[in-house]
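Given two chains presented individually in distinct reference frames, assemble the corresponding complex, making use of the accompanying hints.
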Amino acid sequence: MSSRATTLEAISTLFGGAIAASAANEQSGEETGPRPLGVIERDYRQCGTHLDAKIAPEQLPEAARIMFTLGYYLESITGVDWIADNELEAVYDFSRYDFDCCRVAIRVRIPRDNPQLPTITPIYTGANWHERETHDFFGIVFTGHPHLIPLLLPEDADFHPLLKDFSA
Amino acid sequence: MSEQLIELQPDETFVLNVGPQHPATHGVLRVKMTMDGEYIYRAETVLGYIHRMHEKMAENRTYAQYWPNLSRLDYLSAMAFNHGYALVVERACAIEVPERAEYIRVITVELNRISSHLVWLGAYVLDLGGFTPLMYCFDDREQILDLLESVTGSRLTYCYFRFGGLYNDIDDAFIVGTRAFIKRMRRELKMYKKLVTDNIILMKRLKGHGLVDQDMCQRYGATGPVARGSGINYDVRRNEPYSIYDRFDFEVPVFTEGDSYARYLVRMEEIEQSLRIIEQALDRLPDGPVNPEKKPKTIKPPPGDYYAAVETARGNFGIRLVSDGGKNAYRLKLRSPTYSNMHLFDEACRGMLIADALAFMGSLDLVIPEMDR
Numbered sequence: 001m002s003s004r005a006t007t008l009e010a011i012s013t014l015f016g017g018a019i020a021a022s023a024a025n026e027q028s029g030e031e032t033g034p035r036p037l038g039v040i041e042r043d044y045r046q047c048g049t050h051l052d053a054k055i056a057p058e059q060l061p062e063a064a065r066i067m068f069t070l071g072y073y074l075e076s077i078t079g080v081d082w083i084a085d086n087e088l089e090a091v092y093d094f095s096r097y098d099f100d101c102c103r104v105a106i107r108v109r110i111p112r113d114n115p116q117l118p119t120i121t122p123i124y125t126g127a128n129w130h131e132r133e134t135h136d137f138f139g140i141v142f143t144g145h146p147h148l149i150p151l152l153l154p155e156d157a158d159f160h161p162l163l164k165d166f167s168a
Numbered sequence: 001m002s003e004q005l006i007e008l009q010p011d012e013t014f015v016l017n018v019g020p021q022h023p024a025t026h027g028v029l030r031v032k033m034t035m036d037g038e039y040i041y042r043a044e045t046v047l048g049y050i051h052r053m054h055e056k057m058a059e060n061r062t063y064a065q066y067w068p069n070l071s072r073l074d075y076l077s078a079m080a081f082n083h084g085y086a087l088v089v090e091r092a093c094a095i096e097v098p099e100r101a102e103y104i105r106v107i108t109v110e111l112n113r114i115s116s117h118l119v120w121l122g123a124y125v126l127d128l129g130g131f132t133p134l135m136y137c138f139d140d141r142e143q144i145l146d147l148l149e150s151v152t153g154s155r156l157t158y159c160y161f162r163f164g165g166l167y168n169d170i171d172d173a174f175i176v177g178t179r180a181f182i183k184r185m186r187r188e189l190k191m192y193k194k195l196v197t198d199n200i201i202l203m204k205r206l207k208g209h210g211l212v213d214q215d216m217c218q219r220y221g222a223t224g225p226v227a228r229g230s231g232i233n234y235d236v237r238r239n240e241p242y243s244i245y246d247r248f249d250f251e252v253p254v255f256t257e258g259d260s261y262a263r264y265l266v267r268m269e270e271i272e273q274s275l276r277i278i279e280q281a282l283d284r285l286p287d288g289p290v291n292p293e294k295k296p297k298t299i300k301p302p303p304g305d306y307y308a309a310v311e312t313a314r315g316n317f318g319i320r321l322v323s324d325g326g327k328n329a330y331r332l333k334l335r336s337p338t339y340s341n342m343h344l345f346d347e348a349c350r351g352m353l354i355a356d357a358l359a360f361m362g363s364l365d366l367v368i369p370e371m372d373r
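From first to last, the protein sequence lines stand for chains A and B. The first sequence begins at 1 in UniProt numbering and counts up one residue at a time. The second sequence begins at 1 in UniProt numbering and counts up one residue at a time.
If we strip away everything but chain B, and leave its shape as in the complex, we get (with noise of 0.2 Å):
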């Protein structure tokens, strides 16, 4: 497992301190590195600086009140985000659905999807040392950004979803634009894979680091492209199919090396394969309401526990809510990806040079505020 190249001396090491503040942690993240010279002997990491106890507001609030909180989390995939939430209330209050607005909800999910991979392709080489990807990569996610926000009202932060359906229609000039988009992000896909993908310096930096393998996987019960550029074929729209998935024709892309590459193309894929999804959705688009024509007022899940996943760009997000009748969550419970992923950083790093742990660590696509919570 490890890549040690030196017998690591314990009684001769130092503390490098990684963050909060640095630029390779992309937010307030610190790694209190024990190191060997250059390599790694150990890596504690120190979570929490950005704790907001997203956990406790949802017991503060009614649960129309707790949609702004979701999007807050992780601010890359937030319509994934919003998609659970609404998941384990409507499963709750059995609110049907109506077509439509499952429709929508799949291509609004997978647009964000693709823009959250396409900030973590620019990030990560721009960690790496390559500058430019990031203009490409900021330049396409600019075309999301404003279809969703002709849609939802926002570019970052979306708070769409409702219980029960959107906060909005989609218009015409969405579905054309979202197909100029399809064909467009094709093209830059093509460009991508000639300027980043193929690389002779990103795959040297890449393949064979940062080794995680299915065992340790799944005793940190890591998901999403971690979990899957290790051979794990697990994506939760397959495995558990939620909202409308099981109608979609697409691939989950599983690669066994388990090295830092292979997560970098399973993203690469990902993009695609969304691009699929987002086709299909938009081909067999019904008419119909967005919203349902009943709907609870108040919103009280009768008591009891429920639980729902959804998959997002970086993994399993669940959520528990304990319901005890009234119209403020008993315990609302976030299980965020990044914060399953992060945990096994220690261990894969060890006997790591540093500087391939940090690339390591950018193939782990963190979002702090989404560990944090």
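Bound conformation, chain A alone (with noise of 0.2 Å):
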């Protein structure tokens, strides 16, 4: 069974096992509201990952979890601010390090008056900078991250450089 089957399976216990049918409303472009949760196959070949799960955010240190014991690592994790839907997105991107290649992005959307997510680095110990980082670019806070200090900005910075309504 390929690593992009078993993962499949393994992130669609978080939605009761249920898949999302495809991703064809979201490549035919038009706009169909906000995406529903659930986990996607994408065409590598056009944007660069193999699945594509939305999940809730108290969802986030199980889904950590589970790719963890399937053997991912943490590439990164993307801030994306979307000011018009008065929301902000995480992205947390993993790949492994075997050669059934197999990118995986887990995304999650929170409000953005009251941006939290609960840390992942009691199971990746490399979340740490990434979400210091992520805090001090979109003021994200980790709940039960143990040293949420700005970790690229200036130590006394109180701005948030990459919300789109943030200007110098």
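Have a look at the derived ranges for each label pair, beta carbon to beta carbon:
{"id": "1", "chain 1": "B", "residue 1": "Arg284", "chain 2": "A", "residue 2": "Gln46", "range": "25 to 33 Å"}
{"id": "2", "chain 1": "A", "residue 1": "Phe99", "chain 2": "B", "residue 2": "Glu99", "range": "21 to 29 Å"}
{"id": "3", "chain 1": "B", "residue 1": "Asn60", "chain 2": "A", "residue 2": "Ala56", "range": "29 to 37 Å"}
{"id": "4", "chain 1": "A", "residue 1": "Ser167", "chain 2": "B", "residue 2": "Lys193", "range": "53 to 61 Å"}
{"id": "5", "chain 1": "B", "residue 1": "Lys193", "chain 2": "A", "residue 2": "Phe159", "range": "49 to 57 Å"}
{"id": "6", "chain 1": "B", "residue 1": "Val46", "chain 2": "A", "residue 2": "Asp98", "range": "33 to 41 Å"}
{"id": "7", "chain 1": "A", "residue 1": "Thr69", "chain 2": "B", "residue 2": "Asn168", "range": "47 to 55 Å"}
{"id": "8", "chain 1": "A", "residue 1": "Lys164", "chain 2": "B", "residue 2": "Val46", "range": "22 to 30 Å"}
{"id": "9", "chain 1": "B", "residue 1": "Asp215", "chain 2": "A", "residue 2": "Lys164", "range": "32 to 40 Å"}
{"id": "10", "chain 1": "B", "residue 1": "Arg284", "chain 2": "A", "residue 2": "Thr6", "range": "34 to 42 Å"}
{"id": "11", "chain 1": "A", "residue 1": "Leu70", "chain 2": "B", "residue 2": "Lys56", "range": "31 to 39 Å"}
{"id": "12", "chain 1": "A", "residue 1": "Ala5", "chain 2": "B", "residue 2": "Ala94", "range": "23 to 31 Å"}
{"id": "13", "chain 1": "A", "residue 1": "Gly16", "chain 2": "B", "residue 2": "Arg155", "range": "55 to 63 Å"}
What the simulated footprint calls covered on chain B by chain A, stretch by stretch (three residues with Cβ under 8 Å from a Cβ of chain A suffice, anywhere in the stretch; the number is not a length):
{"id": "14", "stretch": "228–234"}
{"id": "15", "stretch": "316–329"}
Since the hints were derived computationally from the structure, they do not count as laboratory data. Given the structure is predicted, the values throughout are model-derived calculations rather than measurements. For glycine and all other residues, C-beta sits at the position ideal for the given N, C-alpha and C.
Right, dumping it as structure tokens:
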């Protein structure tokens, strides 16, 4: 069984085993409202990821545990400010060390006025810096993070430069 | 895991500040070390001294205007960063790259990888107290810089790639020069082996120190020579072939010891493998244009998000591009390899003697601008 199938199955247990039908809506480029929770398979050649899951914030530690057990390493955490929807998004990129290439993006959306996500540092120690950086740039508070102080910005920084309404 | 020789006393420690200006950090990096005598109790890395917010700049520039930023991330392996950016935008806009351009990309990226490893080798041995190899390394690297300068116009911060192609075609002088360099470098590698690799002092400083195991690599997301020195057979060029890397016959050097010497050997072996790739690419170099005939005038990727990763001299460099269909990126995330590689320093150096820890830090091959972005 390929890692892709195994991962798809493991992630879909987060949603009670249900797999979202397809990525058809998204690829047609039409606005079909907010994307529902679930995991979809995507065209690697076109977008660079094999699996793309949207999960609820409280599912994050469980999702990280699944990914770690399956042998994935955390590549990065990307914050995105969707100011039009009044939401912030965090995208967790995972990849594997073996030759069974499978890239997984796990995304979470949270309200812009109270951006809070549970930390995954107990599972992926390396998430520490990624979360601090995302807190620097977007003001997302990672609850349970052991050391959430500015990493790249000055130690007294009280601004979040990658928010779309930030002006220097 | 720990190499601790004595029981550390957390209540009898003092803080030793290394950096931000310190020769061993090769850039502006600060490490706050809590010491028990000569032994490290813990080490907190303080980043951001040369943070320039490259990711915000991407949101304020068009895609083409962003090219120069890439080479200012990792100034030793700039060509690979060019490649990563080219890949993600070409993927987003579905731009086809001509064959000849792909081959030239591979040749220049691999030349740049060798020059990066040569700087690392020279500086690393200098850290450990050996001055002479630096001179030889920079002499060899100079040959590469001259070759690359003749086609790209710059010596360090290359801005050579274009969407779908290249700024400039290579000429016969470059091909002849590169072939001569391969011959020269093979000879020099034998000399480095005698002069540096087999040196008993170097071995004693590096063997068994700075142990990084596979679990640690996975938890921190270490890639590149750091992961390969710990027995992880992971190279983006092999595991997730991009460009035309699947056409070349080369090996991915892997050593299982996980110590500083293993990481040293990985890089030395990689120089030879890069030479092999360049040789094959030169042999098969096709004729043709280096830029596509059809290319959109303004780059406007369709809405969505795109990811691409390349293997730089330090490991996996990834770009996540989020586009809203405009002429600027909505969000561009740069995943730099040193960032994750350096993160494990704190955990791995605990209980080490400070002199060994600095030798360990050098074996991670840090480039600070790439870490701070």
